[in-house]
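Colleague: With these hints in hand, go ahead and build the complete structure from the sequences.
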Amino acid sequence: MTIAVDRPPDVDLSSIKTVKQVPYTEYFVSGHRTCQGCESALVMRYIAKAAGPRTIVLGSTGCMYVANTSYYTTPWVVPWMHTQLGAAGSAALGASAGLKVLMRKGKLKDEPINVIAFCGDGGGADMGLSAISAALTHAEYRFLVILYDNESYANTDIQLSGSTPYGAVTTFSPTGKQRRIMHTRWKKNTPGALVAGHPDAAYIATADAAYGVDFMNKVRKGLASGGPAFIHVLDPCPKGWHYDPQLSHELGKLAVETGIWSLWEMEDHVVKLNGTTRAIASGRAKRKPVREYLAQQGRFAHFKDEDYDLFQRRVDEQWTNWLIPGVVSFGIEAGTPLNMPTQSAPAVSEAISESV
Amino acid sequence: MAIATQPGAAASAPKLEGEQELLVTGSEAIAHALRLADVDIVAAYPIRPYDAVMQAVATMIANGEMDCEYIVAEGEHSQFELVKHASAVGARAFVGSSGVGWFYAFEAIAVTAGLRLPVVANVGNRALDDPGAFGVEHNDALAVRDLGWLMTWVETGQEALDAALIAYKVAEDPRVMLPCAVSTDGAFLTHSQHLVKVPPREMVDKFLPAYDLGDRLFHPDNPITIAPQVDQDWLTEIRKQNDAAMRRAPEVIRDAYREYYELTGRQKEPFMETYMTDDADYVLVGQGTIAMPGRVIVRRLREQGHKVGFARLKWFRPFPAEEVIERLSGFKAVGIIDRDYSFGSPHHGGVLFTEFRAAFYDSPRRPAMINIIGGLGGREFTAADGQEMFTLLQKADAGELKTNVHWIGVRE
Amino acid sequence: MHPNGSASAPASWSVEVVYRGIFQKRLANRISRGVVLGARREGKVGTAFARYGDSPERNGIPSKNFAVVATDEVELESSLARYEPERVEISIVVDDTMSKGVESWAWYGVQPINKLVVPGGFLLVTSDKEPEELLKAIKTKPYDYTLVVVPSPVHAGVFAPEGSASFAGLWVDNDDNTDWNCLAAVARVAPQVVSLDTVLTLVRERTKDEARVNAVKANYDQLKIRPVNAGEGSSTSFEEYQKPGWTQMREGIIVEAQQVGTRNPLYKKWSTRTRRPLVNFDTCIKCTQCWLQCPDECFEVTPEGTYEVVYEACIGCSICEEVCPVPDCIVMVNELAFDDNDSLYAVYKADPEAYRAFLQKHGVPLHPELVEKAKKTAAVHDVQERKWPVTVAGGEE
Numbered sequence: 001m002t003i004a005v006d007r008p009p010d011v012d013l014s015s016i017k018t019v020k021q022v023p024y025t026e027y028f029v030s031g032h033r034t035c036q037g038c039e040s041a042l043v044m045r046y047i048a049k050a051a052g053p054r055t056i057v058l059g060s061t062g063c064m065y066v067a068n069t070s071y072y073t074t075p076w077v078v079p080w081m082h083t084q085l086g087a088a089g090s091a092a093l094g095a096s097a098g099l100k101v102l103m104r105k106g107k108l109k110d111e112p113i114n115v116i117a118f119c120g121d122g123g124g125a126d127m128g129l130s131a132i133s134a135a136l137t138h139a140e141y142r143f144l145v146i147l148y149d150n151e152s153y154a155n156t157d158i159q160l161s162g163s164t165p166y167g168a169v170t171t172f173s174p175t176g177k178q179r180r181i182m183h184t185r186w187k188k189n190t191p192g193a194l195v196a197g198h199p200d201a202a203y204i205a206t207a208d209a210a211y212g213v214d215f216m217n218k219v220r221k222g223l224a225s226g227g228p229a230f231i232h233v234l235d236p237c238p239k240g241w242h243y244d245p246q247l248s249h250e251l252g253k254l255a256v257e258t259g260i261w262s263l264w265e266m267e268d269h270v271v272k273l274n275g276t277t278r279a280i281a282s283g284r285a286k287r288k289p290v291r292e293y294l295a296q297q298g299r300f301a302h303f304k305d306e307d308y309d310l311f312q313r314r315v316d317e318q319w320t321n322w323l324i325p326g327v328v329s330f331g332i333e334a335g336t337p338l339n340m341p342t343q344s345a346p347a348v349s350e351a352i353s354e355s356v
Numbered sequence: 001m002a003i004a005t006q007p008g009a010a011a012s013a014p015k016l017e018g019e020q021e022l023l024v025t026g027s028e029a030i031a032h033a034l035r036l037a038d039v040d041i042v043a044a045y046p047i048r049p050y051d052a053v054m055q056a057v058a059t060m061i062a063n064g065e066m067d068c069e070y071i072v073a074e075g076e077h078s079q080f081e082l083v084k085h086a087s088a089v090g091a092r093a094f095v096g097s098s099g100v101g102w103f104y105a106f107e108a109i110a111v112t113a114g115l116r117l118p119v120v121a122n123v124g125n126r127a128l129d130d131p132g133a134f135g136v137e138h139n140d141a142l143a144v145r146d147l148g149w150l151m152t153w154v155e156t157g158q159e160a161l162d163a164a165l166i167a168y169k170v171a172e173d174p175r176v177m178l179p180c181a182v183s184t185d186g187a188f189l190t191h192s193q194h195l196v197k198v199p200p201r202e203m204v205d206k207f208l209p210a211y212d213l214g215d216r217l218f219h220p221d222n223p224i225t226i227a228p229q230v231d232q233d234w235l236t237e238i239r240k241q242n243d244a245a246m247r248r249a250p251e252v253i254r255d256a257y258r259e260y261y262e263l264t265g266r267q268k269e270p271f272m273e274t275y276m277t278d279d280a281d282y283v284l285v286g287q288g289t290i291a292m293p294g295r296v297i298v299r300r301l302r303e304q305g306h307k308v309g310f311a312r313l314k315w316f317r318p319f320p321a322e323e324v325i326e327r328l329s330g331f332k333a334v335g336i337i338d339r340d341y342s343f344g345s346p347h348h349g350g351v352l353f354t355e356f357r358a359a360f361y362d363s364p365r366r367p368a369m370i371n372i373i374g375g376l377g378g379r380e381f382t383a384a385d386g387q388e389m390f391t392l393l394q395k396a397d398a399g400e401l402k403t404n405v406h407w408i409g410v411r412e
Numbered sequence: 001m002h003p004n005g006s007a008s009a010p011a012s013w014s015v016e017v018v019y020r021g022i023f024q025k026r027l028a029n030r031i032s033r034g035v036v037l038g039a040r041r042e043g044k045v046g047t048a049f050a051r052y053g054d055s056p057e058r059n060g061i062p063s064k065n066f067a068v069v070a071t072d073e074v075e076l077e078s079s080l081a082r083y084e085p086e087r088v089e090i091s092i093v094v095d096d097t098m099s100k101g102v103e104s105w106a107w108y109g110v111q112p113i114n115k116l117v118v119p120g121g122f123l124l125v126t127s128d129k130e131p132e133e134l135l136k137a138i139k140t141k142p143y144d145y146t147l148v149v150v151p152s153p154v155h156a157g158v159f160a161p162e163g164s165a166s167f168a169g170l171w172v173d174n175d176d177n178t179d180w181n182c183l184a185a186v187a188r189v190a191p192q193v194v195s196l197d198t199v200l201t202l203v204r205e206r207t208k209d210e211a212r213v214n215a216v217k218a219n220y221d222q223l224k225i226r227p228v229n230a231g232e233g234s235s236t237s238f239e240e241y242q243k244p245g246w247t248q249m250r251e252g253i254i255v256e257a258q259q260v261g262t263r264n265p266l267y268k269k270w271s272t273r274t275r276r277p278l279v280n281f282d283t284c285i286k287c288t289q290c291w292l293q294c295p296d297e298c299f300e301v302t303p304e305g306t307y308e309v310v311y312e313a314c315i316g317c318s319i320c321e322e323v324c325p326v327p328d329c330i331v332m333v334n335e336l337a338f339d340d341n342d343s344l345y346a347v348y349k350a351d352p353e354a355y356r357a358f359l360q361k362h363g364v365p366l367h368p369e370l371v372e373k374a375k376k377t378a379a380v381h382d383v384q385e386r387k388w389p390v391t392v393a394g395g396e397e
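Chains as they are written, first to last, in our numbering: chain Y, 1 to 356; chain C, 1 to 412; chain P, 1 to 397.
For the record, the hints were derived by calculation from the structure and aren't laboratory data. Hints may contain errors.
To be verified - Mimicking DSS-like on lysine-lysine, the simulated pairs with C-alpha atoms at most 27 Å apart in a straight line are: (1) Lys-25(P) with Lys-129(P); (2) Lys-240(C) with Lys-243(P); (3) Lys-20(Y) with Lys-387(P); (4) Lys-25(P) with Lys-177(Y); (5) Lys-375(P) with Lys-20(Y); (6) Lys-307(C) with Lys-268(C); (7) Lys-286(P) with Lys-20(Y); (8) Lys-286(P) with Lys-17(Y); (9) Lys-272(Y) with Lys-188(Y); (10) Lys-376(P) with Lys-17(Y); (11) Lys-332(C) with Lys-307(C).
On a predicted model such as this, the values are computed, not experimentally measured, just so you know.
Modeller: Structure, rendered in structure tokens:
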């Protein structure tokens, strides 16, 4: 992984080999107002820890705004600024472009500064998707957008978002006498859509709060990528998913072990499956039944066998029918050559020159 | 007879060393001001008529005449959000929009004022959809009047350039630190070319200090949290701070105009320019390019022996109540021309009319005041309109009007 | 007349319900609605509302809702369009661990549990503890009031998890009569707000279960009523925060960031905790999992490389207990057993034997067979990296 600029010692973005190398210092400290067992808060902690002191963080509206930063106190050690619900992408772009031009013009000391903007699934997968998409086309700027996905508008009372799993109970999709399941849409594959559609993104990855070291390394890779980077991290929400807070870590792991959530990264324009996801894809690990994950969450308490079966079937398809397991949400016609034979490249350019 | 503004007034001002005269549109004139102000970042998104300024900036950058980040956003919301954050890290930022585009950015527009970030925006005034229309109405810019934006309307290409420079000076003043919207009437100013004097860089450097956020800079060396969530225990105090900043603005605006006038011989009057009002019985008031047909109408009526004058409001926020009362009291009748509407407002009149009425409420010498709504969607003001306005003013003076709001040139 | 029959005679009564956010939302709502609906049966009027400042609620973070009952609309009006009454005749606490004090997630600081209780008023706490024990945790008041302990539900078939902070349960809501028992307790201390007959009628109508009706009546008879004199209770001091004015506040909606090694001094969060993790420093293998997985940055490395909990920051989510690979090395214990947030590592250092006894007293198996192995494990973090003060017996080291 090439790092765009020489960094002073206090901007250490080297990879964390083992848990023993995780930096001790916190840049997001105790005293935020998040729920018991809030994995989104853990994600904030990991982001700050991995990025270190030469960082500015932009947080869009959501739990991690309202519950963390309540005037007249803050849990942040590094500078933090609010941005609007749909604006994580434009905030990251604006801040990094501002820093870049000031440094170029000599109005600000030229040094690497990590620009991180985060948003929830409401702010990222729904409202802010166009801004994130636009930001990821700006190869000349260096920033990281992190979508922390707790699968609902968890700050406003748990309403469904484009990232809420099929069938989940939310305050906009209650289970009732007439309709057991009101939310019948399948979860949007946001990271898959972004990685497929943004050839100039320097780094795109998925992560999971239960895999802290993997996530922190991805944060560092994103920041070191020298361009626009995006990470979609899944973080269990005891309040919205309705489970005992002590299960937060376990559910985070189960999401990956059941194959519902996948860990992967696109680095130097190549997609790699990571950890457990890789093991599953290569057959070294067996996917656990989705029921093990779903049945522990109150939001699926109304599920019947047929619902579990449907859910299992859809997840199976991610692994049997998708071009890249868990990543690209479509298959490809049998026999289709997956990449162009290299020798045909000149022929193409000739054809072009003839046509000119 | 006061002739503060009339065609060629700028041309008669003393020429400065290194000053250039160009024939440019109002939009291009603003682009020159941005170049001279060494603006650091510009965010563009297409919507006519404002986007002419973004096209001009792009050309300057392409030609190496200007060094700034030029970001084409994917929508107005992002466009305004990203300059807001660029401004927070210390970059002098410029943005703009028109009509419904300005409304698409409304959320970002509101928070920029709340955050006290001195972004300067050009509003190329345009009618709001539906129906789609390209011509000028002032309702787009006026919609943000309560949010803490400084708001000025300009008349000529020259004033557009001057006002853009003054806008940064005022907005970035530590006593103010509020965003500023410079409004230019669609077509009549954004797309028509005027002779404009472009001051030398040295003069602008003398006039406009570097943008300095001080201890509010969003930077790793300045450990702060900006805009945490508040509840009822705090919001009153925070709104009061914005109120205090806006209350300090008039003094800062006066200082800026005085300084600019000393350097250029232009922009003597900060808040209101009057034309043939000294001996007038009746005065018409408007903002923006309306002043041009307005003065023509005045001259026609003067030829007929009627003592009529015209006054142009230059700043709408802060609203210069003192000046307005001082200079419009004592006339027989005043006609406020609104190129906008405020449906269901008191009198069912326009926004300016409602504000002028409010400003005059405590004045013992308040004149008879009527509202003329016209020029909507860019419709031109004609000599016939002028005659009608004059008749209305006379009737108002004589107390013969049943209603004080009148739509001009509307087909029955 | 006043609920306690004293001379002062308000014609309206305010009741607050203090509960654990989200976990007990429905329970608290049933109680406050029950007060109003019950009073209505008797011709009174009323309103029920949640404290808006607690919304959106956070799991476990103390929240409040209110019921106001009045003899007529005019009396009621003075209690409408409010966030929170300035005082209440009756405060109902549905989780006895909140006796130590409560801190909303909105910035009010930690407040005594009986803050709003008027002279001669009532503090109702659902608990299996004795009033004397609860009083040790409850802040003193300068005037007399009455503490009423509502014991756990006695009713076949109604689930009441043993030792649970809330009989009705936390993350699942067990319909175990706690709501009805609280209403009956209100009827006992303030019959003029709602009478027992009305409460029992409501139970009968809603549950269609005579056994439940009898259980509520039985609970009514078993209330532990303890008059509290001025000055009785815990002397713990609660900070009163002074809010600055607009001329002192920084412009641009700016607050100071925290410093490396500190914790947010204005929001300590411990009052969210119903159980606290106890660490067996002898068997800790320094694997860092508790430290790494804690969503509230509560763990600090000790000079030995083990990890201790900073209790003023811990909110009791139990994730550390869950992720700790060593059996019983981290065990969650009911919070009421402790009267401060001081470092238990300091206690351990002062007298390891005493600390082991203390762990056993709280039912933590010591696993001596694991101690040797633990001793051999190497420290991952150097205590030099720790900025948070290490406290040992006799103060800071």
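Colleague: Can you confirm whether the C-alpha distance between Lys-307(C) and Lys-268(C) stays at or below 27 Å?
Modeller: 25 Å, holds
Colleague: For the pair supplied as a hint, Lys-332(C) and Lys-307(C), is the alpha-carbon distance within the 27 Å limit?
Modeller: Holds, at roughly 10 Å.
Colleague: Against the 27 Å threshold, does the CA-CA distance of Lys-376(P) and Lys-17(Y) hold or violate the hint?
Modeller: Holds: Lys-376(P) and Lys-17(Y) sit about 23 Å apart, inside 27 Å.
Colleague: Taken at face value, is the distance from the CA of Lys-129(P) to the CA of Lys-25(P) at most 27 Å?
Modeller: Within the cut-off at roughly 23 Å; holds.
Colleague: Between Lys-286(P) and Lys-20(Y), is the straight-line Cα distance small enough, at 27 Å or below?
Modeller: 10 Å, holds
Colleague: Hey, Lys-272(Y) versus Lys-188(Y), does the alpha-carbon distance stay inside 27 Å?
Modeller: 21 Å, holds
Colleague: Measure nothing beyond the straight line between the CA atoms of Lys-25(P) and Lys-177(Y); if it is 27 Å or shorter, mark the hint as holding.
Modeller: 22 Å, holds
Colleague: For the pair supplied as a hint, Lys-286(P) and Lys-17(Y), confirm whether the alpha-carbon distance does not exceed 27 Å.
Modeller: Holds. Lys-286(P) to Lys-17(Y) sits at ~18 Å (cutoff 27 Å).
Colleague: Lys-375(P) and Lys-20(Y) were given as a pair; does the straight-line alpha-carbon distance stay at or below 27 Å?
Modeller: The given pair, whose Cα atoms are some 18 Å apart, holds under the 27 Å limit.
Colleague: Next pair to validate is Lys-240(C) with Lys-243(P); report whether the Cα-Cα distance is within 27 Å.
Modeller: Holds, at roughly 15 Å.
Colleague: Holds or violated: Lys-20(Y) with Lys-387(P), Cα cutoff 27 Å?
Modeller: The hint holds at about 19 Å.
Hint compliance for this structure: every hint is met.
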